[in-house]
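> Listed below, chain by chain, are the residues.
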Amino acid sequence: MWIYEKKLQYPVKVTECNPRLAKYLIEQYGGADGELAAALRYLNQRYTIPDKVIGLLTDIGTEEFAHLEMIATMIYKLTKDATPEQIKAAGIEDHYVNHDNALFYTNASGVPFTASYIQAKGDPIADLYEDIAAEEKARATYQWIIDMSDDVQLNDSLRFLREREIVHSQRFREAVDMLIEERDRKKIF
Amino acid sequence: MKDFTTRKVYYPYVSPFDPCPPITEKVYSTPAQLYLGFQPENLQQFTPQEALYAGTLWKVFYDPYYGWYEKGREDQ
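Residue numbers (our numbering), protein chains in the order written: chain A, 1 to 189; chain B, 1 to 76.
Pairs of lysine to aspartate or glutamate residues, derived as DMTMM-like cross-links and limited to a Cα-Cα distance of at most 20 Å, are as follows: (1) B/59 - A/174; (2) A/80 - A/16; (3) B/26 - A/147; (4) A/23 - A/94; (5) B/71 - A/156; (6) B/71 - A/147; (7) A/13 - A/150; (8) A/13 - B/70.
No lab work stands behind these hints, which were simulated from the structure alone.
Put together the whole structure using the sequences plus the hints.
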């Protein structure tokens with residue numbers, strides 16, 4: 001069960017109508033290392049992981065949906081009043097002819113989202129290592145989107161999202177430390 | 001010993017036949033979570049207000065990334 005707060009986790013301000021940026025951002029919406037994949041991955045892994053890290057997966061998985069909502073807001077704002085000429089100039093006309101201005105879960109190349117982007121191996125260490133890798137990949141994706149963007153206000157929100165990837169990675173690494181249970185012991189092999 | 005940094009550099013091979021002007025330095029991110037291990041107690045915190053903007057309560061994890069057109073890019 002979830003409780004919804006009707007506000008964004010961090011403000012999303014967009015300086016100008018720039019559909020090309022939306023094309024890049026959709027990578028974080030329906031891409032392999034995007035927020036949807038992250039949320040579904042963590043919330044699904046919760047059932048087959050030791051009790052003491054279930055809460056962490058719930059918290060982070062939930063936050064990923066808050067990030068998804070921020071990305072959706074960015075894409076919507078960047079495209080909602082774009083003219084057909086702007087849509088064509090941005091190279092998103094193939095999205096437009098299928099979806100109009102509606103958002104859809106694809107990556108930046110238009111490939112639709114698939115569950116094979118995520119895994120649930122059932123092995124706690126394997127799953128948490130995948131989660132750490134996913135956070136680092138999402139962090140890198142934010143870097144490359146920031147590199148492509150000239151919208152300073154949008155970059156401010158993207159910087160916040162990248163920072164959260166860093167913190168999530170840290171918490172998953174700590175979860176591994178908790179599960180391997182040798183944290184405070186003297187190691188003799 | 002060098003000071004801790006969250007950016008590292010490598011220098012890719014430059015061929016005399018490279019078609020584009022070579023980029024001689026490649027920088028990559030190495031934020032604090034790669035080094036810290038289980039978070040120690042009593043680390044420095046931002047104020048609650050600052051933390052909401054920074055995206056983290058803990059100063060050690062704060063690692064902003066700036067685009068090509070932004071102030072701050074030169075320092076990273």
